[in-house]
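**Student:** Residue numbers (the numbering used here), protein chains in the order written: chain A, 2 to 301; chain B, 209 to 644.
Quick caveat, the hints were computed from the structure, so don't treat them as lab data.
Ideal Cβ placement from N, Cα and C applies to all residues, glycine included.
Hints should not be assumed to be uniformly reliable.
What the hints assert, rightly or not - Chain B is nowhere near these chain A residues, computed Cβ spacing over 10 Å in every case: (1) ALA42; (2) TRP62; (3) GLY111; (4) ALA123; (5) GLY242; (6) ARG257.
Claimed, not checked - Pair ranges (Cβ atoms, derived): (7) B:ARG366 - A:SER121: 36 to 44 Å; (8) A:LEU37 - B:THR322: 38 to 46 Å; (9) A:SER53 - B:GLY574: 39 to 47 Å; (10) B:LYS632 - A:GLN146: 35 to 43 Å; (11) A:LEU279 - B:GLY326: 55 to 63 Å.
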Amino acid sequence: MSAVTGPAQRRRPRSALPWLATPALVLFVGFAVVPLIGVFALSFTTWDGIGSIRATGLTSWRKVLTDPGLPHALWVTFLVMAVSWAVQTPLSILLGTFLAGRQRYRAVLGVVYLIPLMLSSAAIALAYKALLDPNFGLGAGLDIQALSRDWLGRPGLAFGVVIFVVSWQFIPFHSLIYQGGVQQIPKSLYEAAQLDGAGRVRQFFSITLPQLKYTIITSSTLMVVGSLTFFDLIFILTEGGPGDATRVLALDMYKRGFQASLMGPASVIAVILVLVGLGLALLLRRLGGRDAGASQLEGA
Amino acid sequence: MALSRRTLLGLAAAVPVSAALTACGGSSGPGKSTGATYWYLNGQPQEGVRSGAVKAFNKAHPDTQIKDTTFQNDAYKTKIKTAIGAGEAPTIIWGWGGGTLRAYAEAGQVEDLTSWFGEHDALKKSLFPSSFGAATVDGKIYAMPCETVQPIILYYNRKVFDQVGAKPPESWDDIMALVPKFKNKGIAPFSLGGQSRWTNMMWLEFLFDRIGGSEVFQAAIEGEKNAWSHPDAIKALTKLQELVEAGGFVKGFSSITADSNADQALLYTGRAAMMLHGAWSYGIQQADGGDFVSSGSLGYMTFPPVEGGKGDLSDTVGNPAQYLSISSKASAEEKKVAKEYFAKGVLQEEEVKQWIGNGSVPIKLGTEKLLAASDNAEFLQFTYDIASKAKVFVQSWDQALSPTAAETLLDNIVKLFQLSISPKEFATNLNAVTNA
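Next comes chain A alone, as it looks inside the complex:
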């Protein structure tokens, strides 16, 4: 980054900028770096959380890496990530583009769409769990055959429900991002397209979508990295079940650490989670970084 610093900037007197970053730095070091080092150290130990911590080298790593539970949890995490991305992104882009219009009714709808964003994951999970209850839920209560299935009791269905609820919760947020993105696209592009005789659909695919590239990358990064840490929602909805059908990595870590009292292996999973998260974030940055001049946002 220092390569692009121009001479004008270099000559500017050293300001108090580093000081401004101190509070953030303190929080980051205290609540992210220090625990991270602690977790990394713990992954080379055996500890039940009560007795003494014994350094046991690679025992915990070997235990986790040979456990069939790990590839399964990784696979479920990956599936949740991929499927929820594939569901959320197109819907969010369409909704965002729709809401970007200046009509009044769209503004009203925009407020309504935001409601899920204001609820906590725990509240959402509890509400859906009650609605989908096979005996006392919506389907059974209103006697609707199509709705009275064992939604959370069958592996495939439960997975689908998790994706649905995650999407229901987060699509409003991503729509908001896309709405902002669409509104920043210069009007002149659309006017030019109209003169050339491009229809709405053509305009969407040839102008809106390409211009949203960076918004898509930002939103995707948030979705992908965020989906690694889904915990509260799945914990309340299915507790990783039925069996281990929805046991994502974060849940696996909690279960090993706090329910099975295996702090070493739980720390190993935590380290894996950090590595996967960092890797994905870097990858997505790279995808976006190649041709920085492609966007024509005004002022960019």
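Using the hints provided, position chain B relative to the given structure of chain A.
**Tutor:** Same frame as chain A, now just chain B:
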């Protein structure tokens, strides 16, 4: 970015702040000055009984005070472990005994009370003998049993049985024969809150005992090699899967939780005919079920025998008691206060009366008259008889085993109920953890 002197200074300034941040977390430890500290679970009506006992003790002993703090059930399980691990445990530790207590004892975190009970023989003899099993680790007593006994009971809805014209099961074959009868009428034979996992476990506890006797699980808990592959264990696991295959449990049981009491609701609303559950379920059905209990529609019985099984019918499973331990990190004075509380504060007359008033049976012997005078006399007498006459009172498996083994057990039980693993696979997975 090159490190400048200023950034270094900034970092140096940051250190005291983060030190102050961490310091805030350390101030919650128990005070070391006067008396003993005592942590236990909140939630009425039990919380009131517990705090009442402490208040009465403090009033009678003005010099030796006990300071009590309450926690929510799930929060407590994590909190107490972390506190003990950090050497910040309260003087008196409330718990469930069994495998967790063993972990504390093996880490040298709780006091050995064997000799103290030797000196207080009358006190020891006034409590249910069956309650001491889960307080004992390698022949030494590490906890004082307290509060109530909670065996697992087979509940049934009399109205539904009348409606179908069926009789409560007297054997496993009866159970299997009842399944299609109820199913044909659109009633689930058994209610089950399967997502909670320990609910499924209660079925295995009884099947193991009725088929193979109490020795089968005892061998497993003692870490005997291939204990879970015992032919009787495999038979019990197979029978269980036969019941699942026959549709014995309510549809969607894998997503029903016991926390929400949805499993109880299925029984008192007549959507399910029977339910295997703890003695505490009686109070819940009384509170939530309208006139279900008062109209005499709730039936209860012990788990029936299995044809050709070796288990003694008096054997039962469940929570033999709750437990109080003393932290070994406490000062001599604090320990003295705690022991004084054990001798003169736990299960005194008033506390016993209150437990009975709540529909539960305290673990004190000789309370028959009080039980008989209660509104729930019939049920209390039933529970008392099971608990006091049980030849073997098996502690709930997940409490008896170490936390690590318990987690594997619960995980595999769920898979067994989903028919996604065979009895043999179940046995192999469990052998791997209990024989470690």
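**Student:** Looking at A:GLY111 again, its CB stays over 10 Å from all of chain B?
**Tutor:** Given that every Cβ of chain B is farther than 10 Å from that of A:GLY111, nearest at about 34 Å, it holds.
**Student:** Report holds if the minimum CB distance from A:TRP62 to chain B is greater than 10 Å, and violated otherwise.
**Tutor:** holds, 17 Å
**Student:** Are all C-beta atoms of chain B more than 10 Å from that of A:ALA123?
**Tutor:** holds, 13 Å
**Student:** Taking 38 to 46 Å as the stated bounds, is the beta-carbon spacing between A:LEU37 and B:THR322 within them?
**Tutor:** At roughly 45 Å between Cβ atoms, B:THR322 and A:LEU37 fall inside 38 to 46 Å, so the hint holds.
**Student:** Just want to verify: A:ALA42 was marked as not at the interface with chain B; is every Cβ pair farther apart than 10 Å?
**Tutor:** At about 16 Å from chain B, A:ALA42 clears the 10 Å cut-off, so the statement holds.
**Student:** Cβ-Cβ distance between B:LYS632 and A:GLN146: within 35 to 43 Å?
**Tutor:** holds, 38 Å
**Student:** A range of 39 to 47 Å was offered for this pair. Does it hold for the Cβ distance of A:SER53 and B:GLY574?
**Tutor:** Given range 39 to 47 Å: holds, Cβ gap about 44 Å.
**Student:** When you take the CB atoms of A:LEU279 and B:GLY326, is the distance between them in 55 to 63 Å?
**Tutor:** With a Cβ separation near 59 Å, A:LEU279 and B:GLY326 satisfy 55 to 63 Å, so the hint holds.
**Student:** Does the claim that A:GLY242 lies off the interface hold, with its Cβ farther than 10 Å from every Cβ of chain B?
**Tutor:** Contrary to the label, A:GLY242 does not stay out of reach of chain B, its closest Cβ about 6 Å off (not over 10 Å).
**Student:** So does B:ARG366 sit 36 to 44 Å from A:SER121, Cβ to Cβ?
**Tutor:** Taking Cβ atoms as reference, B:ARG366 and A:SER121 lie about 43 Å apart, which means the hint holds.
**Student:** Measuring Cβ to Cβ, find out whether A:ARG257 lies farther than 10 Å from everything in chain B.
**Tutor:** violated, 8 Å
In summary, the numbered hints that this structure violates are 5, 6.
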